[in-house]
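Residue numbers (UniProt numbering), protein chains in the order written: chain W, 1 to 196; chain Y, 1 to 196.
Do not take every clue at face value.
Simulated crosslink set (SDA-like; lysine to any residue; CA at most 20 Å straight-line) [as the list claims (entries may be wrong)]:
{"id": "1", "chain 1": "W", "residue 1": "Lys59", "chain 2": "W", "residue 2": "Ile38"}
{"id": "2", "chain 1": "Y", "residue 1": "Lys49", "chain 2": "Y", "residue 2": "Glu26"}
{"id": "3", "chain 1": "Y", "residue 1": "Lys49", "chain 2": "Y", "residue 2": "Arg84"}
{"id": "4", "chain 1": "W", "residue 1": "Lys59", "chain 2": "Y", "residue 2": "Asp39"}
{"id": "5", "chain 1": "Y", "residue 1": "Lys59", "chain 2": "Y", "residue 2": "His74"}
{"id": "6", "chain 1": "W", "residue 1": "Lys59", "chain 2": "W", "residue 2": "Pro75"}
{"id": "7", "chain 1": "W", "residue 1": "Lys49", "chain 2": "W", "residue 2": "Asn92"}
{"id": "8", "chain 1": "Y", "residue 1": "Lys59", "chain 2": "Y", "residue 2": "Arg113"}
{"id": "9", "chain 1": "Y", "residue 1": "Lys59", "chain 2": "W", "residue 2": "Gln18"}
{"id": "10", "chain 1": "Y", "residue 1": "Lys59", "chain 2": "W", "residue 2": "Leu170"}
{"id": "11", "chain 1": "W", "residue 1": "Lys59", "chain 2": "Y", "residue 2": "Ala19"}
{"id": "12", "chain 1": "Y", "residue 1": "Lys49", "chain 2": "Y", "residue 2": "Arg16"}
Residues on chain Y that point at chain W, a partial pick, calculated with CB under 7 Å [claimed, not checked]:
{"id": "13", "residue": "Tyr98"}
{"id": "14", "residue": "Gln139"}
{"id": "15", "residue": "Leu163"}
{"id": "16", "residue": "His166"}
I should point out that these hints are in silico values taken from the structure, not numbers from a laboratory. Keep in mind it's a predicted model, so treat the numbers as computed, not measured. Glycine included, every Cβ here is placed at the ideal spot set by N, Cα and C.
There are 2 protein chains.
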Amino acid sequence: MPQSPATTQYRLDPAREQAILEAIRELLTEVGYDRMSIDEVARRARASKATIYRRWSGKPDMVAAALHGMMIDHPPLPDTGTLRGDLIGAMNAFCRVYERKQPIVLSLLAAIRSDPSLGRVLHEHVLESGVTDATAVFQRAVARGDLTAAPNVGAVVEVGKALLWHRLLLSGEPLDEAWVIHIVDDILRPLLGIHH
Amino acid sequence: MPQSPATTQYRLDPAREQAILEAIRELLTEVGYDRMSIDEVARRARASKATIYRRWSGKPDMVAAALHGMMIDHPPLPDTGTLRGDLIGAMNAFCRVYERKQPIVLSLLAAIRSDPSLGRVLHEHVLESGVTDATAVFQRAVARGDLTAAPNVGAVVEVGKALLWHRLLLSGEPLDEAWVIHIVDDILRPLLGIHH
Numbered sequence: 001m002p003q004s005p006a007t008t009q010y011r012l013d014p015a016r017e018q019a020i021l022e023a024i025r026e027l028l029t030e031v032g033y034d035r036m037s038i039d040e041v042a043r044r045a046r047a048s049k050a051t052i053y054r055r056w057s058g059k060p061d062m063v064a065a066a067l068h069g070m071m072i073d074h075p076p077l078p079d080t081g082t083l084r085g086d087l088i089g090a091m092n093a094f095c096r097v098y099e100r101k102q103p104i105v106l107s108l109l110a111a112i113r114s115d116p117s118l119g120r121v122l123h124e125h126v127l128e129s130g131v132t133d134a135t136a137v138f139q140r141a142v143a144r145g146d147l148t149a150a151p152n153v154g155a156v157v158e159v160g161k162a163l164l165w166h167r168l169l170l171s172g173e174p175l176d177e178a179w180v181i182h183i184v185d186d187i188l189r190p191l192l193g194i195h196h
Numbered sequence: 001m002p003q004s005p006a007t008t009q010y011r012l013d014p015a016r017e018q019a020i021l022e023a024i025r026e027l028l029t030e031v032g033y034d035r036m037s038i039d040e041v042a043r044r045a046r047a048s049k050a051t052i053y054r055r056w057s058g059k060p061d062m063v064a065a066a067l068h069g070m071m072i073d074h075p076p077l078p079d080t081g082t083l084r085g086d087l088i089g090a091m092n093a094f095c096r097v098y099e100r101k102q103p104i105v106l107s108l109l110a111a112i113r114s115d116p117s118l119g120r121v122l123h124e125h126v127l128e129s130g131v132t133d134a135t136a137v138f139q140r141a142v143a144r145g146d147l148t149a150a151p152n153v154g155a156v157v158e159v160g161k162a163l164l165w166h167r168l169l170l171s172g173e174p175l176d177e178a179w180v181i182h183i184v185d186d187i188l189r190p191l192l193g194i195h196h
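Using the sequences provided together with the hints, build the complete structure.
In structure tokens, the structure reads:
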């Protein structure tokens, strides 16, 4: 049974850590997960392998950190004053994040298939940031009275992520404003119990 | 603007057509979309290239037909007497179909990225079969009084498909009964307006 690697307590200088994560992202896009070597990550980031091994437990953990860094690297989600506006704003922001992540995730799909533990690690690390953002949106909606109770945030985020990836990887169609409005009005708001 | 190829009127003997579609599925899995040649499809299926070109307008159309054949190749969906039972039965059936399709779809993802028209053709051909199955489930539910009105079938199918692919390609986790029940109870039934 593969285990999710525990993140160690060891912390790096933030600039150093960013350089390493950027090297990981570059190599995933250029050569893919299987051929990405820690040696080459260290060389590009001008870091020692010992430093990398102290900070992350292995390649799955490193890749999860690199993707997590991209997930949280977006402008603050807009507070528009309505739940519908906030949902559209949030989906638009994630569209841009997911477009940037697409080449890396595409490079990981074959590796996830041969090592399901990689998929689980990515899922756990990446899910959390979406839940944090969505929780803020729903707390504002409850405070305004747009929602009568806090929804099942995990389920809503799961649907939003699945729809984004499906559109981006499989449909070949753009993550444009018309699609975002369709998702918010035909799926996310009904899922939240808003049927008007 | 790439156009979706129109299916010609030309029909083949069903056994001959099945042999060609099976050769397409084999080659997609073995060598991928870009390296699949019509010559090799014809050789494996003992068909002439002229026959293939009369039946399908090109590789995207052939691949869509091969995937469509897999989508509709499942046992009849169970009529369990409740909407929840029917949804669980339908999701279980599609889990098995999607597991069989996974290697082929994985082989197509890079090609979809470089040729978005391929994604659109696949989407159009494959979506329809899911909508037909789902419509039957919802008609029974309306007739029984489990639903007060026919739902937005396209939106429900879109969510189900997106969740299946997300689980299969990205999460690395199995399409098992516990997951199906979570999807039905936490996402599909709330989306249908059932919040109890």
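Run through the hints listed earlier and report the numbers of any the structure violates, in increasing order. 3, 4, 5, 6, 7, 9, 11, 13, 14
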